[in-house]
Every structure is written in structure tokens, then in C-alpha cells.
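Line by line, the protein sequences are chains A and B. With our numbering, the residue at position 65 of the first sequence is 66, and numbering never jumps. With our numbering, the residue at position 44 of the second sequence is 1166, and numbering never jumps.
Honestly, I wouldn't trust all of these hints.
As the list claims (entries may be wrong) - Quick list of in silico lysine-lysine cross-link-like pairs, BS3-like style, CA-CA up to 25 Å:
no., chain 1, residue 1, chain 2, residue 2
1, A, K82, B, K1132
2, A, K53, A, K87
3, B, K1124, B, K1235
4, B, K1177, B, K1125
5, A, K3, B, K1124
6, A, K82, A, K53
7, B, K1125, B, K1235
8, B, K1132, B, K1235
9, B, K1125, A, K3
10, B, K1124, B, K1171
11, A, K3, B, K1235
Keep in mind the hints are simulated off the structure, nothing from the lab. Being a predicted model, the structure only gives us computed values, none of them experimental.
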Amino acid sequence: MKIGVMVLEGPYQHQAADSAYHFIQAALARGHEIAGVFLFTDAVNVANRFIKPPGERNVSAMFDELGQQGIDIVACTACAKFRGMKRDLTVENIRLSGLGSLAEMIQNSDRFVTFGD
Amino acid sequence: MKKAAVLMRKAPYGSVYTAEGFRAVMGIGIFEMDVVLTFVDDGVYALVKNQDPEKLDMQALGEGFPMLPEFGVNGFYVHQPSLEARGLSPEDLVMDVQLVDDAGLAELLAEYKTVLPF
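With the rest of the complex left out, here is chain A (with noise of 0.2 Å):
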């Protein structure tokens, strides 16, 4: 099954980011695929690759990695202006792009999954 999925909180503060992540992981290796990870709100800071957490997990090089695995995660333009969000400050493989994308993916997801508050 095609699933798409939506974060709607930063990292830290919720465990939304988190939740997504391992839900994304499981969604995985039961043989799904995902149709793409939309970071709507706050949850655009995920994309920071300056976060460096002291002795805990790493939210961003998590999303990192499941964008290196070809998952398209793309964190919302918009919300990004709001937050001083800029392509020089992402992960690499988190785009930055509008609310198109979290159309497309919704049209291409048998599930979509919101993560949030």
C-alpha cells in the first residue's frame, strides 16, 4: 500500500517527528511504500542540519537518512520563510517546496497519516 505521510510539530518539543519516523520504519519493512513525508508547520525544523543534540537521538539525520533511501520529504516553503528556514540550512535530502507537493501526495497515497498535536 501507498502511504503518505504529514508532521505538523518541530522536533524535540513533540514526539510527532518521532512517531512519523518509527511509523515510517515499520510501514517499511511490512512491504509498504511511501508516497512521500510533507513537513508542514513547525515541523519544517526537522530539516535543520545544525541540530546536534547532546547524547540523544538526531530527529534531522533520521529524516536524512530516510530521504537518502529515496523517500521524497519535502518540508512546506511557506512555513519555512516563517521560521528562517533556508536550502543552505537543510539536510540534504530534504526539499523545500509548497503546497502542491502535499497534494501530489495525497493523490498518490491508498493512506494518508497525520503526525501532530
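We have chain A; now place chain B onto it with these hints.
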């Protein structure tokens, strides 16, 4: 055609969710998709008339909803128990909506399958 329901759950000010839900619905409604808006819990406040958030340095959200049909939004559903629990009636809202009870809401969300909760 893909069917998507955007679910408004939170008060229109105090957090960004309602404003972003509004933006999301404008963003996806223009694509070939059947999009509806549903309002539950404090989300029903988003439709209340005469919102004046100027002192919060925010723009009023309510009056924007009636123009959403131009962006491909096909329906507006309000959870009646949420409305009544807040002492509101359909006359307090910026537009005509369809009222749904618990069962009606469950049926709607099951029908739309893709639900985007804000």
C-alpha cells in the same frame, strides 16, 4: 477523484493550526480533489462572525471561509454538539453550514478517508 476532509479542531487564535488548516485547504483545493472542511471542538470558533483579533496583531480568519468554494472546497460541516456545548448556534456563524451529529461526522470522515487534522 481523491476525497480529502480537513478537520479543524482548535481555536482560531492562540496557535497556528486553524490558520494553517485554512492555508492547506486553499493549497490542495485547487487540485483535482473533492475537499470538504469539518469543524469540531474549539474548531467551531473559527466560523464565528465578527472576529476582531486586531489586538493580537492577527488577521481575522472567519470571513475568509465563505470564499473557499472558489478554491474548490465543496462542503462545510460543523459538529453540532461542539457548537451547542459552546453556547453557539448556526446564526452565529459567517456562513451556511451543514450540521452533523457524532454519527454523521464519523460517517463523513469514513467516506472521505484522507483526513487532515489541524
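Hint check results:
1. A:K82 x B:K1132: Given pair A:K82, B:K1132 holds - Cα atoms ~24 Å apart, limit 25 Å.
2. A:K53 x A:K87: Answer holds: A:K53 to A:K87 is near 18 Å, not above 25 Å.
3. B:K1124 x B:K1235: At roughly 9 Å apart (the allowed maximum being 25 Å), B:K1235 and B:K1124 satisfy the hint.
4. B:K1177 x B:K1125: Distance ~38 Å between B:K1177 and B:K1125 Cα, so the pair is violated.
5. A:K3 x B:K1124: 14 Å, holds
6. A:K82 x A:K53: Given pair A:K82, A:K53 holds - Cα atoms ~22 Å apart, limit 25 Å.
7. B:K1125 x B:K1235: Distance of about 7 Å is within 25 Å: holds.
8. B:K1132 x B:K1235: 21 Å, holds
9. B:K1125 x A:K3: 16 Å, holds
10. B:K1124 x B:K1171: 31 Å, violated
11. A:K3 x B:K1235: 14 Å, holds
Of the hints listed earlier, those the structure fails to meet are numbers 4, 10, in rising order.
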